[in-house]
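Hints are included, so try docking the two chains, each in its own frame, into the full complex.
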Amino acid sequence: MNKLIQNEMLKLMAKKRLVVIALIIGVLVILFTYAQYKQVQTQREKLGTSDWRTMVQQQIVDTTNRLSSSRLSDEWKKQLQITLQQQQYYLDHDINPAEPGAPTFMRIFLENSIDLFIPLMVMVIASDLVSSEHSLGTVKLLLTRPVKRWKVLLSKYITLCLAVSLIIAIAGILSYVISGIVFGYKGFGTPILTGFNVTDEGLNTSQVKLLSLWKFLLMDFGLVWFVAIVVGTLSFMLSVLIRSTAAGMGVMLAALISGAILNNMVSSWESAKYFFMVNLRLTDYMKGMAPPIKGMDLSFSMGVLLVWWAAALMVSFIVFTKKDVY
Amino acid sequence: MEKNITLSVKDLKKVIGRRVIIKGLTFDLREGEVFGFLGPNGAGKTTTIRMLVGLIKPTSGSIHICGYNIEEDFQGALKNLGCIVENPELYPYLSGYNNLLHFARMLEGVGEERIKEVTELVGLTERIHDKVKTYSLGMRQRLGIAQALLGNPKVLILDEPTNGLDPAGIREMREFIRFLAEHEGLSVLVSSHLLSEIQLLCDRVAIIVKGTIIRTDTVENLLSNREKMVWRLEPLEKGKQILSLVTRIEEKDDGTIWTEFNKQQTPEWNKRLVEEGVSVIEMKCKMPVLEDLFLELTGGDSIE
Chain A
7 MNKLIQNEML KLMAKKRLVV IALIIGVLVI LFTYAQYKQV QTQREKLGTS
57 DWRTMVQQQI VDTTNRLSSS RLSDEWKKQL QITLQQQQYY LDHDINPAEP
107 GAPTFMRIFL ENSIDLFIPL MVMVIASDLV SSEHSLGTVK LLLTRPVKRW
157 KVLLSKYITL CLAVSLIIAI AGILSYVISG IVFGYKGFGT PILTGFNVTD
207 EGLNTSQVKL LSLWKFLLMD FGLVWFVAIV VGTLSFMLSV LIRSTAAGMG
257 VMLAALISGA ILNNMVSSWE SAKYFFMVNL RLTDYMKGMA PPIKGMDLSF
307 SMGVLLVWWA AALMVSFIVF TKKDVY
Chain B
1301 MEKNITLSVK DLKKVIGRRV IIKGLTFDLR EGEVFGFLGP NGAGKTTTIR
1351 MLVGLIKPTS GSIHICGYNI EEDFQGALKN LGCIVENPEL YPYLSGYNNL
1401 LHFARMLEGV GEERIKEVTE LVGLTERIHD KVKTYSLGMR QRLGIAQALL
1451 GNPKVLILDE PTNGLDPAGI REMREFIRFL AEHEGLSVLV SSHLLSEIQL
1501 LCDRVAIIVK GTIIRTDTVE NLLSNREKMV WRLEPLEKGK QILSLVTRIE
1551 EKDDGTIWTE FNKQQTPEWN KRLVEEGVSV IEMKCKMPVL EDLFLELTGG
1601 DSIE
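Chains A and B are the protein sequences, given in the same order. Okay, so the first sequence: first residue is 7 according to the working numbering, each after it adds one. Okay, so the second sequence: first residue is 1301 according to the working numbering, each after it adds one.
Bound conformation, chain B alone (with noise of 0.2 Å):
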């Protein structure tokens, strides 16, 4: 059975000046489904998050949250919603507490209760009551998630969430987004430009590349038999020469051999090579760079 339709976007357009920045999105969101948008910097990833989150308004084209139009109701759409647009930028002057007070207050219903719950949630409870501009980065942007979860949303959109973290953080942050939904059954959408990253996080991928989406898929179809298989071989010669007989193969200026990928094939030729009495060195999978993708499914046009 389907989940629920949570987040929906039908062709979605935003023209700013004579410039058809997006160019009609239409794609939708799962109830307990991370959604990753991936795409260069550039390609309108943040301009859609902040039609989505009612910050800038759509040229055309429909938004609803959890069933409520964004535009003709906003409070009903709004409430289901929770969100970070670029860095989770808070009061430095306020302490954390008086941060969510702040944002719990323009909530109906959120009282000091869900305060303290968001708060332990976020493991931020030692430090509440301190000012946020004693904060780190990464403290910032657990008080961020803690502010956008204040109203017990379906469906939590975060750009680019692990920007400007470290790889501790990062970590951290991409469990804590596995939880969230797998756990508290939300919706999260997480825009990046990294791909490893969506990869690691998101169920399904939207790729947009200059205002259009071009394919929404899932990661694992988006991702399998575009992963390479790099060698490295002793002797590189006769390695060579019986890789070149199975399959296709790509010398690298690094003494590496790139070849595809493929589950049933790539042990056998591993055991080919061995008993041929090639010593295997080294051989790991390999993912797309993001670039290789892109130029793979738009067909060479450049991502500029």
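So here's chain A without its partners, still in its complex pose (with noise of 0.2 Å):
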């Protein structure tokens, strides 16, 4: 098995998949880092002051402003209450809620990449971990070795997974390094508050409690790799199924798009919440934001993630091993 491991590997490097990969972060993160130091000094600008009391208090203001306004729909105001409060509390205890310095870029850049930055970058490696052996025809080699299939298979997933592991790191400690020169590198011991639930009645705040952020970045570390995982096993599933990458990106790529689209309209229809790309946001239930439907909190998605990596990861193994080769 170690062995077909390191097959699998070698494959990946020649590719240089990774290369890109962690190209394509870098220079992502030069840009939101660039992007998040204008909005600071804006921000500084505008109120005159670098005093972050001031800022939250002008957001509260801001924010009820925009309530008071009557075109606004009953989800987008339920959503603004629910960030009002939280920003009052902030301010009641005298929390700093984004303290700069890089471990709160990374923890931003974290959590607004986990529903398309990441899995996209993961759908590059799963989406042709198998259909490319199609397409080369080396299939036909790799199958007729004494080697069960499911062993095959079995060392391209595992090969999967590190791969994703090794991005998410790649991603936490680009973010970190880079974005560290413009901020900072202190600030892992900042408190963070968690633990917000969102409820009928509006921001149940009972079981708030402050974390330091290193324990919150962990956190969302094993959220991001918990949800990296669940798209490259379906990523892998339709590679395994359709043997041509480009048309196994495609179907992910609007499964990820469409779910970006739906979480914003389709809190009246409730058994949307069933599809994994509606789920995909796990850090929000963190920061205790509204979910997209009702009824749906940090168990369900994750339930409804393990279910679909279940089935497709069932499916995967077994189309591979029965199907004939042409």
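These are computed hints drawn from the structure, not numbers from a lab. One or more of the hints may lead you astray.
Straight-line Cα separation of at most 27 Å, BS3-like style, residue types lysine-lysine; simulated pairs [what the hints assert, rightly or not]:
| hint | chain 1 | residue 1 | chain 2 | residue 2 |
| --- | --- | --- | --- | --- |
| 1 | A | LYS154 | B | LYS1454 |
| 2 | A | LYS293 | A | LYS83 |
| 3 | A | LYS157 | B | LYS1357 |
| 4 | B | LYS1379 | A | LYS328 |
Given below as structure tokens:
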């Protein structure tokens, strides 16, 4: 088995996909760092102060103003109210929600890349793991060795998991190192609030507790990894089912993008919550944001993803071991 | 004494949807022989070969490689098999060496020593560390063979091994295959749609048409008495007259006369022609073309 995984790694490295992914992440992190830096600057200029309390107060005023507008939809209003309550809580407890620093940037970067960017990177690797063997024709050599088919596929899957972990590590390291140049490398001990519960009555703060940022980050990383593995497994399945890499990628891309769009408009279509793509923003639950559909929470979303993951893995293995290869 | 049977196929069938693609094939391969699989395109050669190497599951029938049933003991059976199915498709972005390393890792007890050995055997030592995408077709073909030989197989299956090679490459490949069979004792199964190739390469041939083997025999038995004699004579009319007295003749548009070929009688005819004052400008023995052979064997049934 070890040798098979070595083989897959050899091919993965020779294709230089990981280098490309690292480059993409690097470029994006630089972009985002600059954008964040600009944002902080304009905010300071606008308020004429660098005091974060004034900024949060200003945000609260902004949010209240928007709430008073009569043309807001109910969902949007609820969301704003929750944000307002949260901001008030930060102010009351003297906690800076956006303490600048590389760790905070890392957190924001992770939270924003969980539903599209990281899955996209994972897809680049997962979607051609099996289908490329078909398009090259090498599958005929691969499957005529004295090795059972499920072992061949398992070695590919393990390689995928390793690659996913590597991608997330790369994303973490690059976002920390690059943004640190601008924002400084300190801030792992910053307290951050978590445990908000969105209930029917609004924000439930009874379970809110303070966490050091590094603990919070660890949880974020765990969630991102989980999402990446699920998305990776789904692309992997498509790679087994569809021989063309491009078609597999297209299907997965469409699913991911539709998830991002659906998130904004499915609040009244309740059964949509069983789609995997509306359940990808796991880190939002940590921040206490209202879920896109009522009744969704962290354990529900993880459960849904887990079911999709298991199904995809099962389909992959059954099809791969049974299929006739032409 | 009969040599050991290394590959045994019994009543092999494949049904896809409602179409019966392979309609019950039975044949054996013996140690040290080159066995030809001859048939027109679409006869089911490749489908059969894919079943032999485990890429396609047979609908019914059995395949034994060195005594191991391919469906019950896949690993045992495939250990004794090396193959190239269609073109030798290797990883273009890896070097030849890494390709071999890749496939060696999938075999038990095959190390760098053996990789070096097969590299030398196919004569690729100089270019083995270059990327495969820089290789010529002939080199890829040789690397494919090296890959197939890695595990010291008893049975080698080659699907259209000379496809796309230039005449020198074809000759080289042919000699190499004969060498493997005669000196290494391998059983080699070669498929082809070219009669001339099979004739030069194989000991025995199975002719497959529309998913059925219509004849299995040695090359000599299959082709003897089917050769034709082509004569170019001067003067033509007189020659024709003489020949038509002794055998059935066929006059062709290009001014040649075709008769049957017969080891004993043909020299006699020649002698007689010369004695009668007809100069024999050319006389050659000609192989029947595949289509003619099929027509003869199938009794006029078209080959699609």
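Consistency of the hints with the structure:
1. A:LYS154 with B:LYS1454: 20 Å, holds
2. A:LYS293 with A:LYS83: Cα-Cα ~18 Å, so holds.
3. A:LYS157 with B:LYS1357: Given that 27 Å is the threshold and the Cα spacing comes to 18 Å, the pair holds.
4. B:LYS1379 with A:LYS328: 20 Å, holds
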